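Numbering (full-length UniProt numbering), first residue to last: 1 to 311.
Treat the hints with care, since some could be wrong.
[What the hints assert, rightly or not] Cβ pair distances, simulated, as ranges: (1) I144 x A61: 38 to 46 Å; (2) Q97 x E65: 19 to 27 Å; (3) L44 x R154: 31 to 39 Å; (4) K122 x Y19: 34 to 42 Å; (5) I144 x L263: 44 to 52 Å; (6) R100 x S25: 18 to 26 Å; (7) G214 x L191: 17 to 25 Å; (8) L44 x H121: 49 to 57 Å; (9) S106 x R272: 54 to 62 Å; (10) N123 x L185: 29 to 37 Å.
[Unchecked claim] Distance condition first, Cα-Cα at most 30 Å in a straight line; then the derived DSS-like pairs of lysine-lysine: (11) K91 x K122; (12) K53 x K29; (13) K91 x K29; (14) K91 x K53; (15) K91 x K54.
Since the hints were made in silico from the structure, they are not lab data. Note that the coordinates shown come from a computational prediction; the quantities given were computed from them, not determined experimentally. The beta-carbon is built from N, C-alpha and C at its ideal position, and this holds for glycine as well.
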Amino acid sequence: MAPVMVTGESGTGKELVAYAIHANSHRAKGPWVAVNCSAIPDTLLEAEFFGAKKGAYTGAAQDREGFFQAARGGTLFLDEIGDLPLSMQSKLLRAIQERRIRPLGSNQEEAVDVRIVSATHKNLSQEVRDGRFRQDLYYRLNVIDIEVAPLRERRQDLPELCHTLLVRIAEDCNIAPPVLPDQVLQTLATLPMPGNVRELENLLYRAVALCDGGTLQFETPDCHGHAAGASAPDLRLTPELTGRQLALPNDLQAYLDNLERALLLQTLQATRFNRTAAAALLGLSLRQIRYRIDRLHIEAPHPGDNADAPG
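Throw the hints in and build the complete structure from the sequences for me.
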């Protein structure tokens with residue numbers, strides 16, 4: 001099937017559009033493999049994309065499956081494709097053209113059957129003109145172009161978006177979906193929201209975390225991104241961070257863990273160990289703060305004080 005390029009600003013939901021393409025294609029029963037191209041170190045790109053044989057590099061104790069092998073018969077979604085280094089772009093182009101790959105450390109090629117859907121917030125045409133993206137790869141990937149409009153250009157979608165997001169947030173918090181009053185919806189419609197749907201979700205998550213009862217109350221965020229008048233904890237820098245020069249720690253990871261633990265504890269105490277409220281104040285999802293609490297062995301002072309429900 002023809003490759004698809006999904007373009008749009010950050011936070012517009014490009015991955016959701018890409019997944020909808022996969023879910024409504026004849027490959028829907030096949031695997032969906034999503035890859036963030038900007039998050040992979042350059043030295044690991046080839047092994048991650050094409051796989052590697054045992055002994056191909058230091059630490060390769062067994063054969064490793066790459067993204068192309070994992071996506072056989074399905075869809076390979078390449079998010080932030082504009083961040084892929086030029087050196088890897090040429091190898092990706094060959095894999096797409098030949099429909100064959102060679103795992104790292106192997107002398108034999110393998111046939112692959114995947115559909116490529118890619119996404120970027122960059123202007124790839126300009127990237128091509130500036131020499132940062134291969135023109136031939138651009139034409140290979142951009143057979144069908146879908147542009148996702150920013151939220152400011154589709155205000156009519158706000159009611160449905162808010163409903164969908166609130167249902168998801170309520171499931172995450174294990175509560176009933178709260179009521180969204182018309183005046184709150186009208187307030188949201190006036191906000192610029194440069195972060196698009198991702199910013200809208202953050203605002204709703206915060207409103208759910210801080211609401212008292214089953215109806216959302218919402219105040220216009222100030223320039224720092226917090227609701228005016230909201231009782232956010234006073235998160236001040238620790239004395240170690242306020243000096244002009246920091247003492248070098250012997251164990252950086254332990255030092256950072258201690259700082260993170262202190263900040264989490266301070267926020268949890270300010271929210272009476274309401275993890276949903278603490279997550280909203282720190283800009284984390286509920287899953288992210290749960291992971292950090294478990295990793296850093298943070299326990300509530302009383303068994304009943306670590307509830308996830310909004311306070």
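Legend entry - Pair hint K53 and K29, alpha-carbon separation not exceeding 30 Å: It holds: about 28 Å lies between the C-alpha atoms, which stays within 30 Å.
Inset, instruction - For the range 54 to 62 Å, tell me whether the beta carbons of S106 and R272 fit it or not. - result: 57 Å, holds
Inset, instruction - Could you say whether the range 49 to 57 Å given as a hint is met by the Cβ separation of L44 and H121? - result: 23 Å, violated
Inset, instruction - Evaluate the given range 34 to 42 Å for the C-beta pair formed by K122 and Y19. - result: Violated - the Cβ-Cβ distance for K122 and Y19, about 21 Å, lies outside 34 to 42 Å.
Legend entry - G214 versus L191 beta-carbon gap, inside 17 to 25 Å or not: Given a distance of about 23 Å, which is inside 17 to 25 Å, the answer is holds.
Inset, instruction - Could you see if the CB distance from N123 to L185 stays within 29 to 37 Å? - result: Check passed, 33 Å falls within 29 to 37 Å.
Inset, instruction - Hint says 18 to 26 Å; check whether the CB-CB distance for R100 and S25 agrees. - result: 22 Å, holds
Inset, instruction - Indicate whether the distance between the beta carbons of I144 and A61 respects the range 38 to 46 Å. - result: 41 Å, holds
Inset, instruction - Could you tell me whether the CB distance from I144 to L263 stays inside 44 to 52 Å? - result: 45 Å, holds
Inset, instruction - Would you check the hint for K91 and K53, treating anything up to 30 Å between C-alpha atoms as holding? - result: Since the Cα atoms of K91 and K53 sit roughly 18 Å apart, the hinted pair holds (cutoff 30 Å).
Inset, instruction - Check the following: the C-beta atoms of L44 and R154 are separated by a distance inside 31 to 39 Å. - result: 38 Å, holds
Inset, instruction - Please test the hint of 19 to 27 Å on the beta carbon pair from Q97 and E65. - result: Because 22 Å falls inside the window, the suggested range holds.
Consistency note: the structure conflicts with the earlier hints numbered 4 and 8.
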